[in-house]
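Visitor: So the chains spell out like this:
Number of protein chains: 4
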Amino acid sequence: MDKKVTKIGVLTSGGDSPGMNAAIRAVVRTGLYNNLEVFGITRGYMGMIDDDIVPMHSRSVANIIQRGGTILKSARCKEFYEFEGRKKAYENLRKHGIEGLVVIGGDGSFRGAQKFATEFDIPCIGLPGTIDKDMAGTDFTIGFDTAVNTAVEAIDKIRDTADAHDRLFIIEVMGRDSGYIALHSGIATGAENILIPEAKTNIEDLIASLEDKQRRKKLVNLIVVAEGDEFGGAEEVAKVVRQRLPDMDTRVCILGHIQRGGSPSCIDRLVASRLGYAAVEALMEGRHNVMIGIINNKLHYTPLDLAVKAKQKIDKEWLKIVKILAS
Amino acid sequence: MDKKVTKIGVLTSGGDSPGMNAAIRAVVRTGLYNNLEVFGITRGYMGMIDDDIVPMHSRSVANIIQRGGTILKSARCKEFYEFEGRKKAYENLRKHGIEGLVVIGGDGSFRGAQKFATEFDIPCIGLPGTIDKDMAGTDFTIGFDTAVNTAVEAIDKIRDTADAHDRLFIIEVMGRDSGYIALHSGIATGAENILIPEAKTNIEDLIASLEDKQRRKKLVNLIVVAEGDEFGGAEEVAKVVRQRLPDMDTRVCILGHIQRGGSPSCIDRLVASRLGYAAVEALMEGRHNVMIGIINNKLHYTPLDLAVKAKQKIDKEWLKIVKILAS
Amino acid sequence: MDKKVTKIGVLTSGGDSPGMNAAIRAVVRTGLYNNLEVFGITRGYMGMIDDDIVPMHSRSVANIIQRGGTILKSARCKEFYEFEGRKKAYENLRKHGIEGLVVIGGDGSFRGAQKFATEFDIPCIGLPGTIDKDMAGTDFTIGFDTAVNTAVEAIDKIRDTADAHDRLFIIEVMGRDSGYIALHSGIATGAENILIPEAKTNIEDLIASLEDKQRRKKLVNLIVVAEGDEFGGAEEVAKVVRQRLPDMDTRVCILGHIQRGGSPSCIDRLVASRLGYAAVEALMEGRHNVMIGIINNKLHYTPLDLAVKAKQKIDKEWLKIVKILAS
Amino acid sequence: MDKKVTKIGVLTSGGDSPGMNAAIRAVVRTGLYNNLEVFGITRGYMGMIDDDIVPMHSRSVANIIQRGGTILKSARCKEFYEFEGRKKAYENLRKHGIEGLVVIGGDGSFRGAQKFATEFDIPCIGLPGTIDKDMAGTDFTIGFDTAVNTAVEAIDKIRDTADAHDRLFIIEVMGRDSGYIALHSGIATGAENILIPEAKTNIEDLIASLEDKQRRKKLVNLIVVAEGDEFGGAEEVAKVVRQRLPDMDTRVCILGHIQRGGSPSCIDRLVASRLGYAAVEALMEGRHNVMIGIINNKLHYTPLDLAVKAKQKIDKEWLKIVKILAS
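Chains as they are written, first to last, in full-length UniProt numbering: chain A, 1 to 327; chain B, 1 to 327; chain C, 1 to 327; chain D, 1 to 327.
Everything labelled a hint here was simulated from the structure, so no lab data went into it.
Just so you know, same-sequence chains aren't split out, so a pair can sit in one copy or run between any two.
Under the rule of at most 20 Å between Cα atoms (straight-line distance), these lysine to aspartate or glutamate pairs were calculated in the EDC-like manner:
{"id": "1", "residue 1": "Lys298", "residue 2": "Asp139"}
{"id": "2", "residue 1": "Lys78", "residue 2": "Asp50"}
{"id": "3", "residue 1": "Lys115", "residue 2": "Asp305"}
{"id": "4", "residue 1": "Lys217", "residue 2": "Asp51"}
{"id": "5", "residue 1": "Lys323", "residue 2": "Asp212"}
{"id": "6", "residue 1": "Lys95", "residue 2": "Asp51"}
{"id": "7", "residue 1": "Lys323", "residue 2": "Glu37"}
None of these values were measured; they are calculated from a predicted model.
The following block holds chain A by itself, in its conformation from the complex (with noise of 0.2 Å):
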């Protein structure tokens, strides 16, 4: 039977998301209600290796749920790729007590934890904190929910322009391996087409589409296209429509960074409530090395090492849906 936790860490790593705040606050009052001490770890992994490793209170995440980005903040880590830097990361833990570890954030994050946790026997629970949805394991990602309204309520204000003056806007989200942002933005917005890593891009089809909706004088008409499309993005598509349909006013806009950041979303919160206070209960049952996601609306529990490398798959009803809606 595992040892009784007693001390255990919080850190946020790879690109942040909104709800990360949410989760730090859950695993922190979590922790203390379970009357275990909760330490918050600065800059992810950098943070272990450079001991910027401080007790957090109750106090210390008061007034946060609502707030965007992290207040532990993140970002890469080199030296924790190293042996070297694994083990002077475990040596800090080691000094303040800490035996275990909750990681907020993507597939990356996890490869390091799963890595880090076999060499060290410090139990990591994952949390899965990622704006792109792209993770197996879980229905929800802490952030999905917030980046996909924010690109809604964007093209929403693109879609006044595009009917005021009859134009094409050729708009491009974040997603570099996923299209599940540009998939949901698309259809909620009632893009024409949306294109998307998963699915192959027919470019004939495409330009035929929007002749169609030239004959028929159908001329507002949005492209969603997610970053990592195959045929390369928002400007390579408006390169060819340009060229094939000179006569259309056509557009890009590249939404870009605005998705990462705002106020999180109501299910964001609680996704990340009801996470952050698992990953809490899951440290003190002795489980280890796990994503804690959700599926059909309950905890659902992944190694480590298998959250990292499996894909959703993308419905193909939806993209029958888009053509059929969007008509």
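Assemble chains B, C and D onto chain A, guided by the hints.
Guide: Here is chains B, C and D on its own, set in the frame of chain A:
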């Protein structure tokens, strides 16, 4: 085997909810795509009785996916409770050749649809459109996610003042029979207490927890109360608090109708689009008198008479999380 | 000539308003830039009496320009009405060597500052921080623009429901002595009638105009009422309307405290920044006991005792425009 | 004396801006109130040439005050540069009996109106509708306040990530010839540097100030750049920064078209309502070929040919405030 449907009607009934327009759009465009004629019926069952029924085109539903309210309007309709009213409604549908009906609304609306469909052999498909989420057979209702985010944004604003003045705010949110909005918005805003119809309000516990916070100098406090809370709503709670804790600077805020309106959230637009699409498919497949919901991310069909009765259960674990996270 | 100021204090007093933090930031950073020491005083005059006074650094005000509320908190303070209280406050300021004070608040706060400055020779600069805008000597008060935009967004949401159901909504906004929020938000949302403290409410005219609209089948109606409306607020108006026009579906909505909070608008941040900067310059120039406002885009200095008394006048032309545009 | 106007037209021209719909509504309803006939002209001058001209009723402008874009659509129109085009436009106006024109747009649109009005004796009233605010003869343009608030909200979101990662963000906002959006949004978000077309960009100063901040470990930095900045926009600035300060984690974000759309702010709705009302009054009083603006809260009439040329000046004091407050 059911005969093939060629003309369908769509209406919104009961209290409006954000996303109803997205559902109407999906019904209309999916119908047209399948070469059906689609009729829009104005002001719910009233429009059926008054023959306020017009053909819808693809353009009729352009640029509405992002709008709150309902372009088809909604209304209560006493005449539809009477057989005479329903008969008149039926005759009007017949006149237009309408062979199937999509009703977007709540349990009251479904009761009406159930009765009507039994008497007159017009298959009815119900889509759950209500901000309250208290409906059997679905994890989502169209409008809930928007309503709860509106409540969260409003409470975040109130927290600014609570924090500036070290005040206790007792905030009433919608939910006559259901604590979902209260529970979700309360957790998401870090409320200290959440009072809901589904759980007995222990006012002594509430007072004790406030006294404890006074002792610990935690002076900023939010209590979120569902309007249908068994204790009698925010004003009643405030009355007791002011009497028992006269030193506390206690204020009441009733969020009211802002929770019904506004541009729908991404999820509400997706749910509405998917259900609207599914409603037409269901009519074409010969289904009748079911509400279509989503459970575990799959479509779920509930007979209309069962959709009206059941209530969802509030998870006990959430009530525990509330206490711990607000500590 | 006045002696050179080297240490100053800043406090927020009275009801909080969005942009107060931006003003605090500007005072602190402008002070530090000019090599002054700047002290933050907590909970208004209460903090002066309780010696809740701490030195502020550039970092103390980092990342607050966008936050609602006030990091210095605010409070009413009965002791400050008494000479004994003010004397104690003065002694605490002396202890820290504070030679000038920036008071961000409303007319009540300025009355206190005026009295204090007369008795104890600490120059006071007032900055108008109130959502009500009812202050002589300035076109802008910190917080008004945000409050009125919050009201507008809320009323837009209510309009969705009003429109869906053909309802009359009577909406009460803040403004105990002032109709600015009501007037601006009412015009901006296309309200049919706007009731304010500055104009006598002719209830017969109101009823007549509603009857006229009923005849013309214009069924969606918004009436915006300031809480200090001479007729007695939204509930009183509703009582009469329901009695006289029982067929109208009439609802009341009281927006309440959401109007005080939230992230400040661009204008409120600019006004706060400019006034905070000017307050420090004013203290350095030896000015005392003036409120700094902005009139015709230029700084304007009003003696504190005149800042308290005057009221702005509501432009008659606007009342005419309301009638015409809502027709 | 001018003959009495009985029929007028209204159009929107050039880039759309939030609040144009509120202006259209005010023109239509004020016209109808004064027993004029009001015609809506679609797609700016294009609609005049193509005879895309329809009578407007009170209902035509219901429920649009809160909408971004323009229900009359807008377009560039090459034919209107030619005398032939303008003649055709005139003939179409004559056909409908239109004797006066309200043109909502920017300086380019006013140049066209000026030319047209000189040749054909149709009095034209210009209303400044542009997000850029770079127009002589007015303190406000319809759309500026909304655009700048949209920019502020977007930059607030980016700040969350900048703060989480200790990054430098270089953010490009709209403003090809004007730094107003950059200046206002930059001050309001606490940007360290603001680069605008009206002031020469000293790149050495910029680098020096960033180096200084690096030394002081102030790692979160925002630079706001107007697209027409003389140095060449955000990407050019980033190129130099990355070369000179390779250790900085530097990112570029171009806000783009989201700044044009969205529901207008309270001020933009008020300004639009007041100007729309004034435009009809002006036509009825026999004024012609003036742009109506607001200066020091009073209506101000500028001959159309002067409205096109002048530029406002950026206040030097603001540039000083920027430096001090971001320190």
